[in-house]
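Chains as they are written, first to last, in the working numbering: chain A, 397 to 658; chain B, 397 to 658; chain C, 397 to 658; chain D, 397 to 658; chain E, 397 to 658; chain F, 397 to 658.
Hints listed in this document are in silico derivations from the structure and should not be mistaken for laboratory results.
Each hint should be verified, as a subset may be incorrect.
Since the list gives no way to pick out one identical chain from another, each pair is judged satisfied if it fits inside one copy or across any two copies.
[Claimed, not checked] SDA-like, lysine to any residue: derived pairs with alpha carbons at most 20 Å apart: (1) K539 <-> L604; (2) K539 <-> E650; (3) K539 <-> P611; (4) K539 <-> V619; (5) K539 <-> E651; (6) K539 <-> R503; (7) K539 <-> G505; (8) K539 <-> V613; (9) K539 <-> A614; (10) K539 <-> A419.
Keep in mind the model is a prediction, meaning the values are calculated, not measured.
Number of protein chains: 6
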Amino acid sequence: MSTVDLRYLDAHQYGQWLQQPGATVIVPVGAFEQHGPHLPMASDEILSGHMARGVAERTGAKVAAPMNYGYKSQQKSGGGDHLPGTISLDAATMIGITRSIVSSYLRQGVTRLVLLNGHYENYQFLYEGIDLALREGGFTTSKAGAPAVLLLSYWDYVTEQTLAEVYPDGFPGWDIEHGGVLETALMLHLQPELVDLDRAVDHPAAELPRFDRLPVVAERTPVTGCLSAPTGATADKGRLLYEQVTMSIAADLEEELGSSPA
Amino acid sequence: MSTVDLRYLDAHQYGQWLQQPGATVIVPVGAFEQHGPHLPMASDEILSGHMARGVAERTGAKVAAPMNYGYKSQQKSGGGDHLPGTISLDAATMIGITRSIVSSYLRQGVTRLVLLNGHYENYQFLYEGIDLALREGGFTTSKAGAPAVLLLSYWDYVTEQTLAEVYPDGFPGWDIEHGGVLETALMLHLQPELVDLDRAVDHPAAELPRFDRLPVVAERTPVTGCLSAPTGATADKGRLLYEQVTMSIAADLEEELGSSPA
Amino acid sequence: MSTVDLRYLDAHQYGQWLQQPGATVIVPVGAFEQHGPHLPMASDEILSGHMARGVAERTGAKVAAPMNYGYKSQQKSGGGDHLPGTISLDAATMIGITRSIVSSYLRQGVTRLVLLNGHYENYQFLYEGIDLALREGGFTTSKAGAPAVLLLSYWDYVTEQTLAEVYPDGFPGWDIEHGGVLETALMLHLQPELVDLDRAVDHPAAELPRFDRLPVVAERTPVTGCLSAPTGATADKGRLLYEQVTMSIAADLEEELGSSPA
Amino acid sequence: MSTVDLRYLDAHQYGQWLQQPGATVIVPVGAFEQHGPHLPMASDEILSGHMARGVAERTGAKVAAPMNYGYKSQQKSGGGDHLPGTISLDAATMIGITRSIVSSYLRQGVTRLVLLNGHYENYQFLYEGIDLALREGGFTTSKAGAPAVLLLSYWDYVTEQTLAEVYPDGFPGWDIEHGGVLETALMLHLQPELVDLDRAVDHPAAELPRFDRLPVVAERTPVTGCLSAPTGATADKGRLLYEQVTMSIAADLEEELGSSPA
Amino acid sequence: MSTVDLRYLDAHQYGQWLQQPGATVIVPVGAFEQHGPHLPMASDEILSGHMARGVAERTGAKVAAPMNYGYKSQQKSGGGDHLPGTISLDAATMIGITRSIVSSYLRQGVTRLVLLNGHYENYQFLYEGIDLALREGGFTTSKAGAPAVLLLSYWDYVTEQTLAEVYPDGFPGWDIEHGGVLETALMLHLQPELVDLDRAVDHPAAELPRFDRLPVVAERTPVTGCLSAPTGATADKGRLLYEQVTMSIAADLEEELGSSPA
Amino acid sequence: MSTVDLRYLDAHQYGQWLQQPGATVIVPVGAFEQHGPHLPMASDEILSGHMARGVAERTGAKVAAPMNYGYKSQQKSGGGDHLPGTISLDAATMIGITRSIVSSYLRQGVTRLVLLNGHYENYQFLYEGIDLALREGGFTTSKAGAPAVLLLSYWDYVTEQTLAEVYPDGFPGWDIEHGGVLETALMLHLQPELVDLDRAVDHPAAELPRFDRLPVVAERTPVTGCLSAPTGATADKGRLLYEQVTMSIAADLEEELGSSPA
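So that you can see chain A by itself, here it is in the shape it has in the complex (with noise of 0.2 Å):
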């Protein structure tokens, strides 16, 4: 039985485990979306899955059962939701589950709560959800006794210093990778089984407009889904990125919510 994964506990050792002083929850947020010929539809749930895991192992946070879908893809970050294999919330369901969720564990009296994203679209529906749960809560500022949420993307994690060795060629920005170098990296490391390099297609990075147009125009997404091609990633890559980054995450809590029970 996994020692950090909170679905596969049982509500009375939870119930103790709550009770400690610093007991943190991780809610690993991902998507269920295309992501090329090479990699598995739930990629980033998988790796915001893995990267919230490996956090809790360094500090004694638990995780808790992932919110696994996330908000419509969008063409410069994502390829677009009108691909095959991207099922989407709306806004609406996006901020509604993140304040059911965010609201169940404050009423439960967890006071350190995480939410690690895992992709880019999520990031201000997950935000309106935490600020919506505090308010209903009456918590409106940073006082003694008040719970803290705090919310994440991994990536903003990763050094200047990784960048460097993960792309000696220049970095391309966050924007156009999906399904590129780094994902696929991670998951080579993390869960090789689902990775068919053999099935990714190399073409040069996506070059997609400053704006966003709807109805998006589809021929402008690289018919592999992918905004760039995973060429050069590596389970080496993969390691480097998932210890420094899971590492860098862990400093950051420790100092904002103190330690976690072990």
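Using the hints, position chains B, C, D, E and F against chain A.
Here is chains B, C, D, E and F on its own, set in the frame of chain A:
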């Protein structure tokens, strides 16, 4: 790589499979809810997922990422939403997820969709979400070419004969089956490493009033969080339940929707 | 002037009554739904209203204006929302009415409120509306001073003994009791002028699948709109049902909420 | 059995009537609101119901089950939502009921629908609900074949001549007509057993500011809850009002929608 | 730099002003709506803004950024939502903006807030938004320390005497005053460069039915989009209206809320 | 009369202009938010309005009334919603306004619509509103005849070359550009009378964590409310930014949408 789990498939393989006549997608629906001291909190997600995969293996359907959070646990059927370990969605959110997911599949051309429910309280909200998605898509009658969305709870498929074998002393009723014989037996068959029978407490079945009272009178729920004891649950009974139910659901799907592609 | 019906009371008399300890308000909940060729479309409103008044006469409670529209009729329990004569509310609206009405009564100081349901499909939405109203009012536990809101469906109070008398050949199950023996007998006892048994058609009980399918396959509902025939319904059985059920509900209310003022 | 009240009709008779050209359904809209010490709390439901039936008898229309709860009473037109005996719906719910009911009738093929309002504060929310239902149904213009939904408040049909007879000393304005001469006279004509003139208090008309202030300054509403006294109300004036208004509305309906079937 | 317009103030100056007792904020509410061939589409925003600034100059209040879009134009009061140049918000959004803005000001400590409306159709939705914001903030009574939010439409402040001077041939009623004498006169006084009287068409006042019909019968609205002609509108009448109305509103504000800081 | 500002146009002129092929409407989107001691609270509305008019003058487009309130300010990009002078809309409302306005234009036949954003936090909610409006209108693909709605933030059009000239010591990143060099320079060029550089405080750029924490730790925002100092901002840099950005956006609009009518 599992051949029935859409999560682990890539979008291009999915796109090809989708073209075949009869392609059926099953969405398992669970909850995150306390299940007493001997079962894990994700039991409803775990069991509906196994049921969905069992049906898919018999029919050629594919299994979508689960809806892994559910509607508020009610005292008469799950102990109540006030218990530690129960993280619930409100009705609007539960309806919204269902509507979004069903709409997404319909827009991608899926015409045979099944929601397989494993948490009693979810049913009516799933129904509403499906109805809204179909109206949104303009599908108001079952005429030729219309999609078919089925909604079912797996315990409705347990036959009288199976019941008699599982409950030799008489079946106490579905309403108090929460963390009881059925769920425990199924878990013992399907994921025995997540069951700790040593922690199971034996107590008489809860006698709950015929009304719901809110706010809940907490003392009416047994301290275990179970409405009946799992006494008598065995892996063999679990196997019987699992085999009979998946076979019965598979039969209904084939009769109602025709065969899925291999 | 009816002494139990709040509709016909003036606000000043109501205000005085409200000051008395134990003042209990019962809100009957019905639907506007086809009930076959022999019963009126408002049957659920009519029957829940009679039940509420019957209980009120036994307990000193008052009866509020009914919720006279209900949630969408479902094929397995009411024939379906596609039938002429069924005018339905969606879930958000049903929840909203419940939340608004319960909140209004709570704000006025009513601390004992009962929602007495007469339309199967309503139940979960009434539950959600009550829960939201209580959270809005800050009432999350049943501690001293908190209001108590009870939710019940009247048929859950029919005893085994009554069932045996009403259905001497065996009870076919509540799910297909729509325009059948129970409702027809009650109407014959309570409002015989609204029943036209000459128009009742005798047909075997509908055999509906264990799943819901949407859009509905209209042919599965008998052309009468009834899921079972009212054959054998009599005013005497109606009286028995009415007397037993109102007595049982009254007993529960007095035990749970104490006595109402005279 | 009333021939105009859909509540008491069975669905099959309704279905046949619906086939006839010109079939018109009138939905009375009321409120549950304090009406002073001499009128019952359901006065708005009662009066809009009588008006609807009166019009239906003149035109061959049918009367639907009423919308019997209304939008929040406002101080300038009804005394205020803070008074005991006023049970109100919020705007979203009021709009939702309207939308649901109008949509249901449109889906069943009703093409002539009238909402007859008896509670001042409801109007704009009814309008929005109708507009949403028509957009949902794809009806955005009044071209041939489109349904027609009429919305009216019955007091807008009182003629200058009738006003002069009912208020020989001058008409004080609709805004303070709440529990005043008009409603009391109508009730004396239509349901005298529900009026207790002995309890009516005579006081000058309320002088309310030209603004609304929230939260309400409770002292601005007369303690009676009436904004003007019913002094001078008689059953004869009620009959005059009732006859003139139902005739005028009936004339408009026939001119606008054509004749209904007998 | 305008001293009354919050838009052009910096936040630190605003923060200091806010500390003073009596600080009052006025939010003008308009619409974006066709106003015939002689007035600009933003007329309602422009006029409510001028009224707000006029009142602010008399009282020391400050004027917030306007709500510059409004609820759907209705045929009986504005010509209808189908006319080019009318860009409308639905009810939920109109309520949401009001609720959000009022809540924001309350949270910042503003205790005297005025919504000054210039578009007839807005009123009820503004009322609901204010009510929801106050409930959300826990302000349900006007006891000491509670904030006061006033809602008013500026035309309700036009006195009988002013009406007699502006309409020497008799006042035709507010309902058809859309692009008519009042609005045109005010614009001629306040922003004459935005009025093109040469384009004004003279036609008799629209005779609209006493009901609303949806979908709208477009032909009932005069082709000008005005419900009455602006014939007789002059800048002098505009000045009279503006001076009298701003003085009357200022008097009410000072009486109701006390004086604002200089 | 401004020839590009729809607010000041009458509806009949607008109606004629609308008939021309290529007619494009630009909706500026701002916020009402503290911008430090040297810039006015409406800065985002003012700047997006200037950008929109600048683009319109180059392309023949028209500028709609602005969306002048925005989504909640976030600490990492605007200082936070807790600061005096920030009046925010919640997500549902922001989405609702966008949906309503886009739907209104689409219904009137506008097929080229641009939302030009000037407040970072708005973007995702504008995206959702556009998406919902297009689905509502039945426009799900970009095939011939479909409308095109573009969404952009003006700072995404600042070129590397311009950045190098505006920030000779290196560009610190868009996230902390709130009341900093870019906005101040633009205001100095476009509305210098609203800038008070004497009040600007010089402080190092805020170092904010990589996560969002709620409730906000207020002390992390500099007391100025600016995330970076405006040191070095000049009117000349503002002119450069304004000219380059409006030219670049205009070029994109013409390439994407074709030319507008003169």
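Comparing the hints with the structure gives:
Within a single copy, K539 and L604 get their C-alpha atoms only as close as 44 Å, which misses the 20 Å cut-off; across copies the closest is 19 Å, which meets it. Proximity of K539 to E650 under the C-alpha cut-off of 20 Å is restricted to the intra-copy arrangement: shortest distance 19 Å within a copy versus 37 Å between copies. Taking identical chains as interchangeable, the C-alpha atoms of K539 and P611 lie at most 20 Å apart only when they sit on different chains, with a minimum of 9 Å there against 45 Å within one chain. Only between protomers do K539 and V619 lie at most 20 Å apart by alpha-carbon distance; the minimum there is 18 Å, versus 51 Å within a single protomer.
Proximity of K539 and E651 under a CA criterion of 20 Å is satisfied intra-copy only: 17 Å inside one chain copy versus 39 Å between copies. Taking the shortest alpha-carbon separations for K539 and R503, both the intra-copy value of 18 Å and the inter-copy value of 16 Å come in at or below 20 Å. In this homomeric assembly, K539 and G505 come within 20 Å of each other (Cα to Cα) both inside a single copy, at 16 Å, and across copies, at 19 Å. Within a single copy, K539 and V613 get their C-alpha atoms only as close as 48 Å, which misses the 20 Å cut-off; across copies the closest is 8 Å, which meets it.
In this homomeric assembly, K539 and A614 come within 20 Å of each other (Cα to Cα) only across copies, at 10 Å, whereas the closest approach inside a single copy is 49 Å. When the C-alpha separation of K539 and A419 is checked against a cutoff of 20 Å, the pair qualifies only within one copy, where the shortest distance is 19 Å, while the shortest distance between copies is 28 Å.
When each numbered hint is compared with the structure, no violation occurs for any of them.
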